[in-house]
Amino acid sequence: MRRARTIDWVPHAVLLIGIAIIAFPVYVTVVASTLTTPEIVYGPMSLLPGPHGPENYVQALSEGNAKTSGVGVGRMLLNTLVVALAIAVGKIAISIISAYAVVFFNFPGRMAFFWLIFLTLMLPVEVRIVPTYAVVAGLGLVDTYAGLAVPLIASATATLLFRQFFLTIPDEMVEAAKVDGAGPMRFFKDVVLPLSRTNIAALFVILFIYGWNQYLWPLLVTNDAEMTTIVIGIRRMLGNGDAQTEWSIVMATTVLALLPPVAIVILMQRWFVKGLVETEK
Amino acid sequence: MRRRVVFKQKLLPYLLLAPQVAITLVFFYWPAAQAVWYSTRREDPFGLRSQFVGLENFITVLEDPSYINSLTTTAIFSLAVAVLAIVPALLLAVMADRVVRAATVYKTILLSPYAVAPAIAGVLWLFLFAPGIGVVAYVLQFLGIDWNFVLRGEQAMLLVIIASAWKQISYNFLFFLAGLQSIPKSLIEAAAIDGAGEGRRFWDVVFPLLSPTTFFLLVVNVVYAFFDTFGIIHAVTQGGPAKATEILVYKVWYDGVMALDLGGSSAQSVILMGIVIALTAIQFRYVERKVHY
Amino acid sequence: MADVRLRNVRKSYGDTEVIHGVDCEIADGEFVVVVGPSGCGKSTLLRMVAGLEEITKGEIAIGGRVVNDIEPKDRDIAMVFQNYALYPHMSVFDNMAYGLKIRGVPRSEIEARVEKAANILQLKPLLERKPRQLSGGQRQRVAMGRAIVRDPQVFLFDEPLSNLDAKLRVQMRVEIKRLQQDLGTTSIYVTHDQVEAMTLADRLVVMNAGVAEQVGPPIEVYERPETVFVAGFIGSPAMNFLPAIATENGLSVGEARFRAAQRLEPGRNVTVGVRPEHLELDPASPTLRVRAELVEALGADTIVHGTLAGAPLLARLPGTQRVVAGDEVPLRCAPEHLHVFDGATGKRI
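Protein chains in written order, with the working numbering: chain A, 1 to 281; chain B, 282 to 574; chain C, 575 to 923.
Keep in mind that the hints were calculated from the coordinates and are not lab data. Please note that the accuracy of each hint is not assured.
[Said to hold, decoys possible] Derived Cβ-Cβ restraints for the label pairs, each shown as a range:
id: 1; chain 1: A; residue 1: Pro170; chain 2: B; residue 2: Val386; range: 35 to 41 Å
id: 2; chain 1: C; residue 1: Asp776; chain 2: B; residue 2: Lys291; range: 40 to 46 Å
id: 3; chain 1: A; residue 1: Asp171; chain 2: B; residue 2: Trp311; range: 34 to 40 Å
id: 4; chain 1: A; residue 1: Leu193; chain 2: B; residue 2: Thr389; range: 28 to 34 Å
id: 5; chain 1: C; residue 1: Glu591; chain 2: A; residue 2: Thr198; range: 39 to 45 Å
[What the hints assert, rightly or not] Below, computed lysine-lysine pairings styled on PhoX-like, alpha-carbon distance capped at 25 Å:
id: 6; chain 1: B; residue 1: Lys289; chain 2: C; residue 2: Lys647
id: 7; chain 1: C; residue 1: Lys751; chain 2: C; residue 2: Lys698
id: 8; chain 1: C; residue 1: Lys631; chain 2: B; residue 2: Lys291
id: 9; chain 1: B; residue 1: Lys291; chain 2: A; residue 2: Lys189
id: 10; chain 1: B; residue 1: Lys289; chain 2: C; residue 2: Lys631
id: 11; chain 1: B; residue 1: Lys289; chain 2: A; residue 2: Lys189
id: 12; chain 1: A; residue 1: Lys189; chain 2: C; residue 2: Lys675
id: 13; chain 1: C; residue 1: Lys704; chain 2: C; residue 2: Lys675
id: 14; chain 1: C; residue 1: Lys704; chain 2: C; residue 2: Lys690
id: 15; chain 1: A; residue 1: Lys274; chain 2: A; residue 2: Lys189
id: 16; chain 1: C; residue 1: Lys741; chain 2: C; residue 2: Lys751
id: 17; chain 1: A; residue 1: Lys189; chain 2: C; residue 2: Lys704
id: 18; chain 1: B; residue 1: Lys466; chain 2: A; residue 2: Lys274
id: 19; chain 1: C; residue 1: Lys647; chain 2: B; residue 2: Lys291
id: 20; chain 1: C; residue 1: Lys690; chain 2: C; residue 2: Lys751
id: 21; chain 1: C; residue 1: Lys698; chain 2: C; residue 2: Lys741
id: 22; chain 1: C; residue 1: Lys647; chain 2: C; residue 2: Lys675
id: 23; chain 1: C; residue 1: Lys675; chain 2: B; residue 2: Lys289
id: 24; chain 1: C; residue 1: Lys631; chain 2: C; residue 2: Lys647
id: 25; chain 1: C; residue 1: Lys698; chain 2: C; residue 2: Lys675
id: 26; chain 1: C; residue 1: Lys690; chain 2: C; residue 2: Lys675
id: 27; chain 1: A; residue 1: Lys274; chain 2: C; residue 2: Lys704
id: 28; chain 1: A; residue 1: Lys189; chain 2: C; residue 2: Lys647
id: 29; chain 1: C; residue 1: Lys647; chain 2: C; residue 2: Lys690
[As the list claims (entries may be wrong)] One-sided excerpt, in silico: chain C residues whose CB lies under 10 Å from chain A:
id: 30; residue: Glu645
id: 31; residue: Tyr661
id: 32; residue: Tyr672
id: 33; residue: Leu674
Virtual Cβ for every residue (Gly too), placed ideally from N, Cα, C.
So that you can see chain A by itself, here it is in the shape it has in the complex:
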């Protein structure tokens, strides 16, 4: 369709304004991470980057600040990475095998198990905070990676996604495998797993972000500063968010915290979009 030339620039203008607003807080944060705290606190701060970036990041990574009990952001990043990977890999692993069981076998209680998993959609951690904490505490998992990750790796969403995909694998493919002599585990390894690659990639992106960004759960199950995840760490560093806050360090830490998930979204955009559209909770 032909459009009048005069309005060709309108979409670009609107998008650029939108992007400017969306990106503004991130830009200011990045700039602040290159200034000193006094430059931020006593002034209108500059909107152009300063020269103090390296020292802020080094300090953040190695020692954090006074409110993090000397635990550096490096340690927090490591904790967060471990937890995010454990959640993403764990969720995918247990979901894909349980979906495989529900789809490729016929056994008593099949639908009951399916519903048991499906209904967990209705039980987000936010509605069972205290008793879930009690269970984790009872198991001695407070301040452990297992305590941070395991309670979050049961996922109806991922199971549903895999089930949906498995149902599209033609019956004849299963029969061909049977004639070829492949048993269920062989079929899983040689056919189902390779065919699920794109779904796994898409889920991985979404779940890694999910795991990285956890807040309420780590807040509950970690007391030890050594076990802090970075998102919680920032909250601790922030204090009251007033003039006493070491803003330059907080801002450097914030950049470090949002960089990995944002990088994944940008670099793996195709998988991210697929994952988001197909899981949609």
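Go by the hints and put chains B and C onto chain A.
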């Protein structure tokens, strides 16, 4: 739905299900059941014994003005977040649907906030609006606005709404864009031949076709505002000032973890479960309507 | 190589029996085609031979070994599926090699066998491709290659040509026939296409509603169909069926009188079958006259549509005969080409 062709093994499927089912039972059903159990009991002051009190905890919670206040706060908060996250997302999606050049760049940037943790989103906006420090706070002061969200409830509310909506725009943008791109170009062309101008084409053809997406997003955004914004509230306002931003999830956490009111917090948990179930049910009722995207 | 024996094979889903006792002996190296309309149970029968469906009752033996309780992989069979069921993520080579790999065949032997099969099927240049990069005919050949490399005792074909276009189907039909002759492997082939069945089979099994109505060489089935169903299913255009009453010296169909090859008790209700191609133009001494309601001139043949005794009647005349709609056409049928079936049971008399 089921397959015609399956494997015959009897034990294997149970083994494959075991990890998921074990985690689900231990960390989902058991705690949920406990929440229901505690919600009907009251502990003695030393926490040594508890006794069955029926619906008393629920009555106490529902008669508590601070709970009603939190309920109202949550309603305002979630609706405002939904509207503020949906409207700009729709505008941006309509624009992005038209551009060919640099479309990927726009899309990449607009999708990025999804990756930012809610608490981090809160910190980003807190920093802009921190009284006496933030860039935006300066501008507001300069314009003669008495900006201090630390003391003013309505300003604090505005801040957490903005931070929450900012993060959710990405999600809405993506679904609107997918919805727009699934509208057959021939429909728009037919409307153009019928004589509809640019604006009419949008309101008469495009927008009605997007309405299932919009409804779906409305529900998703409300769910998000209800449950996923805990980090924003906790990082930015701690529910304050004077409980002005205390949404239900924050209150459950505060009463259960900080105030150690097991019965009351459990009763609140059970009410929240009811809300999730209702919202999920609505979402699934309309799920068929949007699958064609 | 092996023979296949089916003895009173039955299949039920719950209380519903869908295969009602099929008996069939397939000799070593024989090519048997199971043909029938969709839903007649032919695929189920084949899948029971493959081991993909349980055998409810009866017995299936391959090479003298009863296989009822043996897994598909241990039956030494290979199967070509209707939609080919190629593994989309594996190359042509890997698709063909997979069954051998699982069986632990050494790599060098796998390569030799795949190469040999690829040569036979002209797949050599395609070995590294993925199924999605192949045309329909090429995929079909890969599916066959997967069966060939296994060098099984029996080939099972489940409507392997039905996803191809008409021209390719004819071409592949010839290839399959040639291949089977060269390899000499016992084959069971399921199809709903009677032309495919006639051209490929050493012997036909015509199935209807879970029953094998007739088993025999194609020409025999064509010339001496045992039931009305078989008579109507085999042959194109389909046989004409006319309601008739036996008389002292033949059969009467409405006004028309036929001489019959055998004597029947007068007054008996029968169905007379006559193939369109067995009706000849005979102005001198016609057995019957029909008014041509519609004429299809196909070049080689001219098909005349008419009605006799309330039943539709088709005649296939040589293309040289000029008939136009509205003509009164005098026709004759030799008594040896009349098929007489019991009016009630549909069985050949």
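Hint by hint, which ones does the structure fall short of?
The structure breaks none of the hints.
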